[in-house]
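Novice: One-letter residues, chain by chain:
2 protein chains.
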Amino acid sequence: MTHKRSILFWFDFASTYSYPAAMRIATLADSSNIQVIWRPFLLGAIFQQQGWNDSPFNIYPAKGAYMWRDMARLCMRENLDFKRPTVFPRNGLMASRIVCANHNELWIPAFVRHVFQANFKYDLNIADLDVITKILNDLDLDADKILNQIKQQEIKNLLRQQTDEAIQSGVFGAPSFIVEGELFWGNDQLEHALDWCIDH
Amino acid sequence: MTHKRSILFWFDFASTYSYPAAMRIATLADSSNIQVIWRPFLLGAIFQQQGWNDSPFNIYPAKGAYMWRDMARLCMRENLDFKRPTVFPRNGLMASRIVCANHNELWIPAFVRHVFQANFKYDLNIADLDVITKILNDLDLDADKILNQIKQQEIKNLLRQQTDEAIQSGVFGAPSFIVEGELFWGNDQLEHALDWCIDH
Numbered sequence: 001m002t003h004k005r006s007i008l009f010w011f012d013f014a015s016t017y018s019y020p021a022a023m024r025i026a027t028l029a030d031s032s033n034i035q036v037i038w039r040p041f042l043l044g045a046i047f048q049q050q051g052w053n054d055s056p057f058n059i060y061p062a063k064g065a066y067m068w069r070d071m072a073r074l075c076m077r078e079n080l081d082f083k084r085p086t087v088f089p090r091n092g093l094m095a096s097r098i099v100c101a102n103h104n105e106l107w108i109p110a111f112v113r114h115v116f117q118a119n120f121k122y123d124l125n126i127a128d129l130d131v132i133t134k135i136l137n138d139l140d141l142d143a144d145k146i147l148n149q150i151k152q153q154e155i156k157n158l159l160r161q162q163t164d165e166a167i168q169s170g171v172f173g174a175p176s177f178i179v180e181g182e183l184f185w186g187n188d189q190l191e192h193a194l195d196w197c198i199d200h
Numbered sequence: 001m002t003h004k005r006s007i008l009f010w011f012d013f014a015s016t017y018s019y020p021a022a023m024r025i026a027t028l029a030d031s032s033n034i035q036v037i038w039r040p041f042l043l044g045a046i047f048q049q050q051g052w053n054d055s056p057f058n059i060y061p062a063k064g065a066y067m068w069r070d071m072a073r074l075c076m077r078e079n080l081d082f083k084r085p086t087v088f089p090r091n092g093l094m095a096s097r098i099v100c101a102n103h104n105e106l107w108i109p110a111f112v113r114h115v116f117q118a119n120f121k122y123d124l125n126i127a128d129l130d131v132i133t134k135i136l137n138d139l140d141l142d143a144d145k146i147l148n149q150i151k152q153q154e155i156k157n158l159l160r161q162q163t164d165e166a167i168q169s170g171v172f173g174a175p176s177f178i179v180e181g182e183l184f185w186g187n188d189q190l191e192h193a194l195d196w197c198i199d200h
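Keeping their order, the protein sequence lines are chains A and B.
The first sequence: position 23 = 23 (the UniProt record's numbering), numbered continuously.
The second sequence: position 7 = 7 (the UniProt record's numbering), numbered continuously.
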């Protein structure tokens, strides 16, 4: 089956609202024969450009308090397990590099979901080598090979380039979706992004 | 008909996303027998607390560019006329005081919608006395009386108190909805807020 239409899914493994988007997007896109292009990026780099050295949810307490409550409500609506991480935001650099280095592999969607679940369902440190190794093992992948590969400067550069591409595309938060040049921001815009893909 | 359940609708006449919320809320709430309590507040006061002296949509260009495009798309989806105002944000102080001073009057929902349309459909200056006078006249109201009333210090204080109440309630943006102490932020959360009202 060939996919003609595609949706760029820009996410950060540290981003709370990226979690429900990551858990939902493949099923929704598949049902409309839309290909998902999984694009991790470093939201922190964008925040730094805006003068923030932390998540705005930490900098602005009212916004943060709302987000945690909203996440609990929306995960309940979507039947997703959710546990507020004891550390926020967590460092998704290693997991992001793995996605960059293997973006065409069929296991990428499952890997992304496992990492998000580690962070937001199991409250695990996704920057921990053991946590990532276990996820790779659980997916029957060659963890050693994959973890060696991401030490290459080329892969590190790829993630930086991808973050630059996000900025160039107008991305300022996560999750974001791009369909035919149209940007949609936020988990609750996923359906609108897919509708746009179908209608245009 | 008595309304048992109610939804607090916190809005700012300058706020773009408050426009579709204001145009939609009465019809949606009425159909579920939910009373809307119309609560204007001054978002600028909240932004100042966060260290911003302008709308974040002006301060952060990527966020602003996205918002204008998203507004155009969502108003198209909702069949609402929308014209990007030549001045943003506009000063909704006069209109907000009128709502504060007359919050129990039956004409308030229509007045609110007219002011939002003046700003976001007709690109009119809602801080202009002539614009507000015409809206009041169009609603067959005693414009002179209403415009005199809002000169009272008591009314000016009321709007400030209401803004303080918004902050105390956790409001950090507009539109916001509060149902049974639950806060919902953003036009696209209106349906969730009403569902919460029905379910609890």
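Mixed in with the good hints there might be a few duds.
Pairs count within a copy or across copies, as identical chains cannot be separated in the list.
Said to hold, decoys possible - Each computed DSS-like pair below joins lysine-lysine, with the alpha-carbon atoms no more than 30 Å apart:
(1) LYS63 x LYS156
(2) LYS121 x LYS4
(3) LYS83 x LYS63
Just so you know, the hints here were simulated from the structure itself, not pulled from any lab data.
All values derive from a computational prediction rather than experimental measurement.
Novice: Does each hint fit the structure? Answer for all of them.
Specialist: Results for each hint:
no.: 1; hint: LYS63 x LYS156; verdict: between (32 Å within a copy, 27 Å between copies)
no.: 2; hint: LYS121 x LYS4; verdict: neither (34 Å within a copy, 38 Å between copies)
no.: 3; hint: LYS83 x LYS63; verdict: both (18 Å within a copy, 29 Å between copies)
Of the hints listed earlier, the one the structure fails to meet is number 2.
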